[in-house]
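> Read off the chains here:
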Amino acid sequence: MITQKKIKTKNSKSPGNDVKTQASLHMMLLPGTFIMILFGIIPLYGILIAFKAYRPMMGVEGIFTSSWNNFDNFKQIFRSSEFIPMVRNTLGINLLGQLISIPATIFFALLLNELSSKKFRSFVQTATFLPHFLSWVIFGGLCISLLSADGGAINKLLMMFHITEEPIPFMAKPQYFWMIAILTGLIKDIGYGAIIYLAAIAGVDPALYEAASIDGANRFRRMWHITLPGIRPTVMIMLIFAVAGILNNNFTQIYVFQNPLNQPASQVIDTYVYQIGLQKFQFGVGTAASLMKSVLALILLSVSNFVSNKLTDTGLY
Amino acid sequence: MHKNIISRLIDYLIIIFMVFMVIITVYPFYYAVINSLNDGNDLLRGYVLLWPRKFTFDSWKAVLADPTIIRAMFITASRTIIVTVLSMFFTSMFAYAYSRPYLKGKRFYSVLGFINMYVNGGIIPFFLLISSLGLYDTYWVYIIPSLFGGFYNVIIYTSNYKALPTSLFESAKLDGASEFSIYARIVIPLSKPVLTALGVFSVVGIWNDYTVSLYYTQDTNLQTLQYYILQLVKSRGAVEQLESSIAGNSAIAEMLKSAGGKGPVTVQTLELAAMVLAAIPMVIIYPFAQRFFAQGMMVGSVKE
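These protein sequence lines map, in sequence, to chains A and B. For what it's worth, this note's numbering labels the leading residue of the first sequence as 625, then goes sequentially. For what it's worth, this note's numbering labels the leading residue of the second sequence as 1307, then goes sequentially.
Hints are supplied without guarantee of correctness; some may be wrong.
Unchecked claim - Computed cross-link-like contacts, DSS-like style, restricted to lysine-lysine with a CA-CA straight-line distance of at most 25 Å:
#1 Lys1479(B) - Lys1468(B)
#2 Lys1540(B) - Lys797(A)
#3 Lys780(A) - Lys1360(B)
#4 Lys1479(B) - Lys1498(B)
#5 Lys1540(B) - Lys780(A)
#6 Lys644(A) - Lys1360(B)
#7 Lys904(A) - Lys1540(B)
To be verified - Here's a subset of chain A near chain B, in silico, CB distances under 8 Å, partners left out:
#8 Gly664
#9 Ile665
#10 Phe702
#11 Pro727
#12 Ala728
#13 Phe732
#14 Ser740
#15 Ile778
#16 Leu782
#17 Ala831
#18 Ala835
Hints in this document: simulated from the structure, not taken from any laboratory. Built from N, CA and C at the ideal position, the CB exists for glycine as well.
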């Protein structure tokens, strides 16, 4: 008993427990706390309008006073002719995109790692980073211009090699949209995405490579049997993120490429929320759509994390 | 010997592949530069692919003299600087206080932070909040909601502070230094790498953003450079779709074309010059911060 008491008194005298210190710490936390509550917590009440017959002219009080409408907002989404295409586009662009971009980025990182000249390697890295730092407006706008049927470089190349005789209006045809979204996304982020795999590759124990070389393994066998298993935890984490983000399109990218002609292939959940909510002012329907998306994303995150933990012992938490 | 030749050959193939990667990633920007420096009327014969056919600075002069673009650039630049400086200050200060082992009530801040990171109401509740606060269609909508860098950045700062020697804090504390002066005089000067990395991320993110203008403003005097360019891209796209859908009627197509381009400066060259102008600051700063990226990106993905 006595010793416990002693420790307690000692604790209260240790630096940092006095009122002045605590007060100044909380003062330092105040600006961030204020912003997080105002812009992070308060808007959560707005989710209520997903279940209500809310109209914009009702103002903020309307969030609470408007009447419940028996899931009409959700019913309207499911009945909409846009529902099936938008789910298909969201899943299609993301699934195919990840299926292509994860292996391509790993492949690129592995080859970068094989470059013997440090200077050339850092040059390639710096150069391939470039598009990541251009905005989607600029990078996407340039891609549109390169794909233009009116003298764009891609059409010129295709015609030069007689792959096509007539220029293809890529942006006006829905059938090309997924490919455009996926490939431009890949080119924009492959250099940047490779960083994380390169860091993982650098973390593999060099002794393993030496032992393998002594045993006569060539560079492909070393890549296959040492590097790839070595970066598996990183790959698993990227896969978890990919599965969790399957409903989350890159709005800033899709919106730049979207136009009325390619809309059948380019309308995704995020662009639908923007259109129905902020352009047509059906706030309840837009909120209902984004709420469904967030809840499903949270479920997907926990499920994929659980599966990954079970199968490979790697997970986010 | 045979093995050596194959290995050499593979090395060359990898180098060729890398050159190809460099070309496809850098070419779009290069393409914008050369076409913006080409005569606009001449571009009606088709874009140039390697080098300007008819070199001229006219589009650049027009862009730099356009009051709309200058205003958009001023809004973008001022917003980028103000938000980056203030949010880095508030976020790093928050992270310092949050990382103190003797902070009481830490759990409250952790819960608040994680809710902020993983849950949000979506754009419509946020839109309602912005308009009820009177921020809609004002310059403040660019500043106030972004004043805090988010809890993810707090975690990055915190893990960097952990690497600093604790004896520094203890001795400063014993000398009677206040918490704020420990933060400002000891922690900040020792955290330059993480400050640089997060500063660059913030600058790039804000400079390249167009969604705030799209969602929360109407006034053309408030548009950012990216939003202005977005509208150029979208409106030119509309003209081209029109052209392709009436391709059968060449008379109308010709008329549209000639309306689009008169003299050395056309809609196309203006758009390209504005794009290059908006990209230049990013192209200049990113190589400097490159060595910090891996560091910054790794922190969040490590299992705790």
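> Would you mind marking each hint as holding or not holding in the structure?
Structure-based check of all given hints:
Between Lys1479(B) and Lys1468(B) the CA atoms are separated by roughly 17 Å; this keeps the pair inside 25 Å, and the hint holds. The straight-line distance between the Cα atoms of Lys1540(B) and Lys797(A) is roughly 16 Å, inside the 25 Å bound, and the hint therefore holds. A hinted pair counts as satisfied when its Cα atoms are at most 25 Å apart, and Lys780(A) with Lys1360(B) qualifies at roughly 19 Å. Between Lys1479(B) and Lys1498(B) the alpha-carbon distance is near 22 Å, which keeps this suggested pair within the 25 Å criterion.
For the proposed pair Lys1540(B) and Lys780(A), the alpha carbon gap of about 23 Å is at most 25 Å, so the pair holds. Note on Lys644(A) and Lys1360(B): the hinted pairing is violated, with a Cα-Cα distance of about 70 Å set against a maximum of 25 Å. Restraint check: the Cα-Cα separation between Lys904(A) and Lys1540(B) comes to about 19 Å, which is no more than 25 Å; the hinted pair holds. Taking 8 Å as the C-beta cut-off, the interface hint given for Gly664(A) holds, the closest approach to chain B being about 4 Å.
Evaluation of the Ile665(A) hint against chain B yields a held restraint, the C-beta minimum of about 7 Å falling below 8 Å. Taking 8 Å as the C-beta contact cut-off toward chain B, the hint placing Phe702(A) at the interface is violated, the least distance being around 18 Å. At a threshold of 8 Å, the smallest CB-CB gap from Pro727(A) to chain B is about 15 Å, leaving the interface hint violated. The interface hint given for Ala728(A) is broken, as the beta carbon of that residue sits about 10 Å from the closest beta carbon of chain B, more than 8 Å.
About 7 Å separates the beta-carbon of Phe732(A) from the nearest beta-carbon of chain B, less than 8 Å, and the hint is met. The restraint placing Ser740(A) at the interface with chain B holds, with a minimum CB-CB distance near 7 Å, inside the 8 Å limit. The beta carbon of Ile778(A) comes no nearer than 11 Å to any beta carbon in chain B, farther than 8 Å, and the hint placing it at the interface is violated. Interface restraint check: Leu782(A) against chain B, minimum CB-CB distance 13 Å, threshold 8 Å, status violated.
At a threshold of 8 Å, the smallest CB-CB gap from Ala831(A) to chain B is about 22 Å, leaving the interface hint violated. Among the interface hints, the one on Ala835(A) is violated; its C-beta lies about 19 Å from the nearest C-beta in chain B, farther than the 8 Å criterion.
Of the numbered hints given earlier, the model fails hints 6, 10, 11, 12, 15, 16, 17 and 18; all others are met.
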